[in-house]
Amino acid sequence: MRRKSKPPAPLPQRNGVDPVHLRLPAEGAWPTVRAHLVDRLPTVDPARIDALLAAREIVGESGPIGPDEPFRPGAHLWLYRDPPDETPVPFRLDVLHHDEHLVVVDKPHFLATTPRGRHVVETALSRLRHSLALPALSPAHRLDRLTAGLAVFVVRPEDRGAYQTLFRDRLVRKEYQAVAPYDPALVLPRTVRSHIVKERGVIAARETDAPPNSESRIDLVERRDGLARYRLRPLSGRTHQLRLHMSSLGVPILGDPVYPVVLPETAPDDFRRPLQLLASVVEFTDPLTGRPRRFESRRTLTAWSDPEAWAAGPEPAGRSGTVG
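Using this note's numbering, read the sequence shown as starting at 123 and increasing by one per residue.
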């Protein structure tokens, strides 16, 4: 039997973040919705649930519910989550392209692409939904929080599948820039293939002896003073793929807090040493119009464009479009 889709949320987004949707279980002995929520949300203080109910900020399909609302199996509820304490990312999110189908942005380092974990409001998706008044905006792909550069978002829900399939099926040509140590013994260009495993809850991915599931093309662009600027082309899309492959070659990307060694977590407001990795080019044939699309980042990597500033570890205040 086909499962019914959830009804549209009766609450608007807040700061570009959707309200939380809950569906009550089909069976249960709870006398009230409140009793169920106390059991279901053990990390939430019951007093907070009482406050939300008293303020009529928990909403069902027929409107706000009160403290004595009976438990109804299968009912839908919506509420706003209490956002985590987030340190504002003090860098601008630049919109490079906006049409009826796509929004393409030049994302700064340290800004997550989508809400997850302790990053909810301080994400590219939330910022864009709020600033562009596009509540249905969705990502076509993901870009690591620590990586700067191009991220593509889809404007209309009906177009989402076409663009996400494009990225999933590797029909998008992506190019990255990275700054890392120079090793004269490292023969480039080369293609790196390995089997990458990323376990949930473990920060670092790892390589195993299994058949390859990842592939990266690595080229040397230029070198100076013991460093080099590299052009990286991921031919697959594994988590941390480029960072792990560079590290496995003995030239880990500057500013990487995970590879080759997981470093102690820095203060959440320490933006002085960004990962020197930039998603610089995205190119594809548009699945809706058939036209070629090519986007290029306007950002630079501080360790290469301003090595003195990188060495000094400047404070982030006042930075604009070009960031480390």
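The set of hints was computed from the structure by calculation and includes no laboratory data. Computed from a prediction, not measured in an experiment: that's the story for all the values here. Every residue, glycine too, gets a C-beta built ideally from N, C-alpha and C. Possibly wrong hints are sitting among the right ones.
Pair by pair, the computed Cβ-Cβ distance ranges are [unchecked claim]:
1) Arg-322 / Leu-133: 29 to 35 angstroms
2) Arg-170 / Arg-339: 46 to 52 angstroms
3) Val-166 / Arg-194: 34 to 40 angstroms
4) Arg-346 / Glu-280: 45 to 51 angstroms
5) Pro-279 / Arg-170: 47 to 53 angstroms
6) Arg-295 / Glu-149: 33 to 39 angstroms
7) Arg-328 / Arg-170: 21 to 27 angstroms
**Prompt:** Hint by hint, which ones does the structure fall short of?
**Reply:** 3, 5, 6, 7
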